[in-house]
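Go by the hints and put chain B onto chain A.
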Amino acid sequence: MSYIFVSCTADNVAAMASTGYEAARRLEAGNPKGGSGSRTAHGHGHGRTAHNMSSSSLRKKSDLSLLSKVRCGLLRTILTNLQEIFLGTKLFILFPAVPLAIAANYLHFGRAWLFALSLLGLTPLAERVSFLTEQIAYYTGPTVGGLLNATCGNATELIIALFALHRGKIEVVKCSLVGSILSNLLLVLGSSLFLGGIANLHKEQSFDRKQADVNTGLLLLGALCHILLLAFDHAVSSGEQAADAAPRLWLSRACSIVMLLAYVAYLFFQLKTHRQLYESEEEQDDDNDDAVAQDEAVIGFPSALAWLLGMTAVIAILSEYVVATIEAASDSWGISVSFISIILLPIVGNAAEHAGAIIFAFKNKLDITLGVSLGSATQISMFVVPLSVIVAWIMGIKMDLDLELLETGSLIMAILITAFTLQDGTSHYLKGLVPLLCYLAIGACFFVSKSPANQIHDVNAGVLTTSTGVTVA
Amino acid sequence: MASRCYEAARIMEVGNLKGGGGGLGKEVHHGHGRTAHNMSSSSLRKKSDLSLVSKVRCSPLRALLANLQEIFLGTKLFVLFPAVPLAIVANYYHFGRAWLFALSLLGLTPLAERVSFLTEQIAFYTGPTVGGLLNATCGNATELIIALFALHQGKIDVVKCSLVGSVLSNLLLVLGSSLFLGGLANLHKEQLYDRKQADVNTGLLLLGALCHILLLMFRYAVNTGEQAVDAAPTLALSRACSMIMLLAYVAYLFFQLKTHRQLFESQEEDGDDDDDVVSEDEPVIGFASALLWLVGMTAVIALLSEYVVGTIEAASDSWGISVSFISIILLPIVGNAAEHAGAIIFAFKNKLDITLGVSLGSATQISMFVVPLSVIVAWIMGIKMDLDLKLLETSSLIMAILVIAFTLQDGTSHYLKGLVPLLCYLAIGACFFVFDSQTGEYNSFYPLFLLHNLASLHQKMHVDSDLNGITDQNNGIDAGGLTTTAAVTKAY
Numbered sequence: 001m002s003y004i005f006v007s008c009t010a011d012n013v014a015a016m017a018s019t020g021y022e023a024a025r026r027l028e029a030g031n032p033k034g035g036s037g038s039r040t041a042h043g044h045g046h047g048r049t050a051h052n053m054s055s056s057s058l059r060k061k062s063d064l065s066l067l068s069k070v071r072c073g074l075l076r077t078i079l080t081n082l083q084e085i086f087l088g089t090k091l092f093i094l095f096p097a098v099p100l101a102i103a104a105n106y107l108h109f110g111r112a113w114l115f116a117l118s119l120l121g122l123t124p125l126a127e128r129v130s131f132l133t134e135q136i137a138y139y140t141g142p143t144v145g146g147l148l149n150a151t152c153g154n155a156t157e158l159i160i161a162l163f164a165l166h167r168g169k170i171e172v173v174k175c176s177l178v179g180s181i182l183s184n185l186l187l188v189l190g191s192s193l194f195l196g197g198i199a200n201l202h203k204e205q206s207f208d209r210k211q212a213d214v215n216t217g218l219l220l221l222g223a224l225c226h227i228l229l230l231a232f233d234h235a236v237s238s239g240e241q242a243a244d245a246a247p248r249l250w251l252s253r254a255c256s257i258v259m260l261l262a263y264v265a266y267l268f269f270q271l272k273t274h275r276q277l278y279e280s281e282e283e284q285d286d287d288n289d290d291a292v293a294q295d296e297a298v299i300g301f302p303s304a305l306a307w308l309l310g311m312t313a314v315i316a317i318l319s320e321y322v323v324a325t326i327e328a329a330s331d332s333w334g335i336s337v338s339f340i341s342i343i344l345l346p347i348v349g350n351a352a353e354h355a356g357a358i359i360f361a362f363k364n365k366l367d368i369t370l371g372v373s374l375g376s377a378t379q380i381s382m383f384v385v386p387l388s389v390i391v392a393w394i395m396g397i398k399m400d401l402d403l404e405l406l407e408t409g410s411l412i413m414a415i416l417i418t419a420f421t422l423q424d425g426t427s428h429y430l431k432g433l434v435p436l437l438c439y440l441a442i443g444a445c446f447f448v449s450k451s452p453a454n455q456i457h458d459v460n461a462g463v464l465t466t467s468t469g470v471t472v473a
Numbered sequence: 474m475a476s477r478c479y480e481a482a483r484i485m486e487v488g489n490l491k492g493g494g495g496g497l498g499k500e501v502h503h504g505h506g507r508t509a510h511n512m513s514s515s516s517l518r519k520k521s522d523l524s525l526v527s528k529v530r531c532s533p534l535r536a537l538l539a540n541l542q543e544i545f546l547g548t549k550l551f552v553l554f555p556a557v558p559l560a561i562v563a564n565y566y567h568f569g570r571a572w573l574f575a576l577s578l579l580g581l582t583p584l585a586e587r588v589s590f591l592t593e594q595i596a597f598y599t600g601p602t603v604g605g606l607l608n609a610t611c612g613n614a615t616e617l618i619i620a621l622f623a624l625h626q627g628k629i630d631v632v633k634c635s636l637v638g639s640v641l642s643n644l645l646l647v648l649g650s651s652l653f654l655g656g657l658a659n660l661h662k663e664q665l666y667d668r669k670q671a672d673v674n675t676g677l678l679l680l681g682a683l684c685h686i687l688l689l690m691f692r693y694a695v696n697t698g699e700q701a702v703d704a705a706p707t708l709a710l711s712r713a714c715s716m717i718m719l720l721a722y723v724a725y726l727f728f729q730l731k732t733h734r735q736l737f738e739s740q741e742e743d744g745d746d747d748d749d750v751v752s753e754d755e756p757v758i759g760f761a762s763a764l765l766w767l768v769g770m771t772a773v774i775a776l777l778s779e780y781v782v783g784t785i786e787a788a789s790d791s792w793g794i795s796v797s798f799i800s801i802i803l804l805p806i807v808g809n810a811a812e813h814a815g816a817i818i819f820a821f822k823n824k825l826d827i828t829l830g831v832s833l834g835s836a837t838q839i840s841m842f843v844v845p846l847s848v849i850v851a852w853i854m855g856i857k858m859d860l861d862l863k864l865l866e867t868s869s870l871i872m873a874i875l876v877i878a879f880t881l882q883d884g885t886s887h888y889l890k891g892l893v894p895l896l897c898y899l900a901i902g903a904c905f906f907v908f909d910s911q912t913g914e915y916n917s918f919y920p921l922f923l924l925h926n927l928a929s930l931h932q933k934m935h936v937d938s939d940l941n942g943i944t945d946q947n948n949g950i951d952a953g954g955l956t957t958t959a960a961v962t963k964a965y
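If you're matching them up, the sequences are chains A and B in order. Just so you know, this note's numbering puts 405 at position 405 of the first sequence, and the rest follows in order with no gaps. In this note's numbering, each residue's number is its place in the second sequence (first place is 1) plus 473.
Chain A extracted, bound-state conformation (with noise of 0.2 Å):
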């Protein structure tokens, strides 16, 4: 689970970084030569980037002069570097929790616990990797940088995906990259606009609805690819189609392809054509006291890198916690798996996104809030999903693109209502206030709903469904 969760963090990072990087790349571009005529106002010397200003706004500076007493040099770059690492974000009390949690992994507390502690330890951890990448692309330049961030993130994500398919829980990463894209549509986008819509009150509210809509065209191509499994199944068991398993395989397997191209697309469009849609708002001054404004890397590129590698193992190892604990959290809080997974997963996961998602929105930046949040429920669905689907295939496992029914509704009416709502540029709470509705809506929908397996102590249900629960729990 914690690898789910890690990864939605990481996707939303690298969404960021993305959008960030051609901004920088312009920037960089832009200074050598003398200022190449930016669409947007931007040559202020920060280079302020949505990834920057959108992480940056759980980073605190770092105050150096306690560590500058230290007399040998060696430690204090050692130090330094510790610091920046850790103390660099205003997460870093949850850091405590990645310790714990391995404590209570080796020392057997409960399970509950244990599950507990991985989620949590993984909010900071997954901050500090899109740190990293960031520092990272300093030294690649930002097109690299940009691409690195849309893998990177991703890949911890897949890192987690593979952890659970390899133990056959092909339902708990579906559940959670849905829930992963519904947080972000949903959630995350209608508390900010809601919030920044009451803390804006009387203010023009506006962006850039192209941004919105190239997001959302390739949502809705997702969608499809969702409903036409799920509607070919339907055939399929009504009897209009030939009852046939390997075609919905073999369809999933082509529709990820389909998917896959179409992310490759929107990546080059991005990073290569249509740079200018992307670049973000002029930071003002009055930002300056709560976000850190870098234009140069704060740690070495070697350091970056080894710090980057730790800290994906690290990941790796909650998230393999996570994924194990995830039925004994489910039975010992009494609510069921696939709430957990849709519901709870993703808001802890997207917790530091969010809090940033909402900091921009009440500064009235929303171009920077929609770049995070449908960036990212971009990211998910057309690369995670579809790239899950093909590392299954290699591996043998038969994952197809089939969500259930309320998951594949729930994922349209999602999309549909984010779409209509952005869909004129503009921006007022009520508008933020309806896709909150429907997230807890869909909340309540998902925290009734009981999967059959869960249904051991129920005496009514049938010996077959009872034993079916037995086996898979």
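Accuracy of the hints is not assured; some may be wrong.
With a Cα cut of at most 30 Å, we get these calculated DSSO-like pairs of lysine-lysine [stated by the list, open to error]:
#1 K203(A) / K669(B)
#2 K863(B) / K203(A)
#3 K210(A) / K272(A)
#4 K669(B) / K731(B)
#5 K628(B) / K210(A)
#6 K857(B) / K628(B)
#7 K628(B) / K863(B)
For the record, the hints were derived by calculation from the structure and aren't laboratory data. Small disclaimer: the values here were computed from a predicted structure and weren't measured.
Below, chain B without anything else, positioned relative to chain A:
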């Protein structure tokens, strides 16, 4: 409608008092205080000719007669008023039940229009915000009362169907016909409206549709075994969703009446309207009188609604059409007749903001207020009503909302934009005509029924003359016999 008007009226009042307190983007201050509600319902009003009454010498009698004239003759729909006493008479003299149904329906139309007039008059006294709230709750009083009576009589399906039908009628029929006729009348003019208002309503309608879809999918998931079989969660989920919908409606009212009033102000009325529209800045009847009449008329509406709900099955059997068709198509058409007429008239005058305000606002009110309120009231009454409409109704609702959302998304209009929703409504109507979604039976048209009957008779004769009695032929005859019996039972 009224809630939107009332901020405009209030701003007008404020503007007048303070000598013009800062324009709000639209020219409203021509001294008429014309609001969407006023304009829409006033299109059906007639100027009261008080000359006849003024000849009466006795002063209280004159006041009383003036009052009565204002109430009863102040609308072009007054021709339908006799249906009210006729319906009451029909009940006590035991006329055919179908007659009682039809008369009650006809009698409800002018009463609904008068209730809206009275709430408008009361709003003059209470101020625009309270007036807006009053209209927001009483605006669809007819639907609400019918729903409550049907709940009380345990006809939950009638409630659901009539409310869905009302939303469909507002979205597709009223809006479609208005845009169509308005487009034809203004063939070479630019037809514009403010799409922000449409967007707000569309968003709320989608939220309501989402709740219905979740319930429907939940039920399907239970049937196909994806979900555990448990009836309680559907009810709990419905009640949770109803509270969410009511919350959204309260936020919508707050948005409309307090923070974003300027989005809902109506257009300026031109001088050429004065000949057929009553311009009123002052109430025409006293507050106490208005209140009294309002209570009285609501009581009569309740009475007629009870007749309607009580006789719907009898009318259905007598006319040979399904109860769901009557609830989804017939009831709302008759119930919305006054608003429908008003919306068309304003589309003719190219005042599409008012048309949209009337139709979309009404649909939003029913979807986000009356429906969840019915569920909550049923909860209090101990009746198991949920938000689960059947598949056909839910999909019609979704498609209607999508069609309207796409139609209205660019802020302009022409006649084809009205024709499309209109034809959608015809298609949906045809669908409900042939298929009784409550019982899942296909409704045999009389000619189809005849053909079917003839075919079965032929088969029967064929087997009777052939004494072999082959098994499948027997089964065929049995099936034919069964179907025929069912069709006979249905048709009569």
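Here is what the structure says about each hint:
no., hint, verdict
1, K203(A) / K669(B), "16 Å, holds"
2, K863(B) / K203(A), "43 Å, violated"
3, K210(A) / K272(A), "16 Å, holds"
4, K669(B) / K731(B), "16 Å, holds"
5, K628(B) / K210(A), "49 Å, violated"
6, K857(B) / K628(B), "11 Å, holds"
7, K628(B) / K863(B), "15 Å, holds"
Of the numbered hints listed earlier, those contradicted by the structure are 2 and 5.
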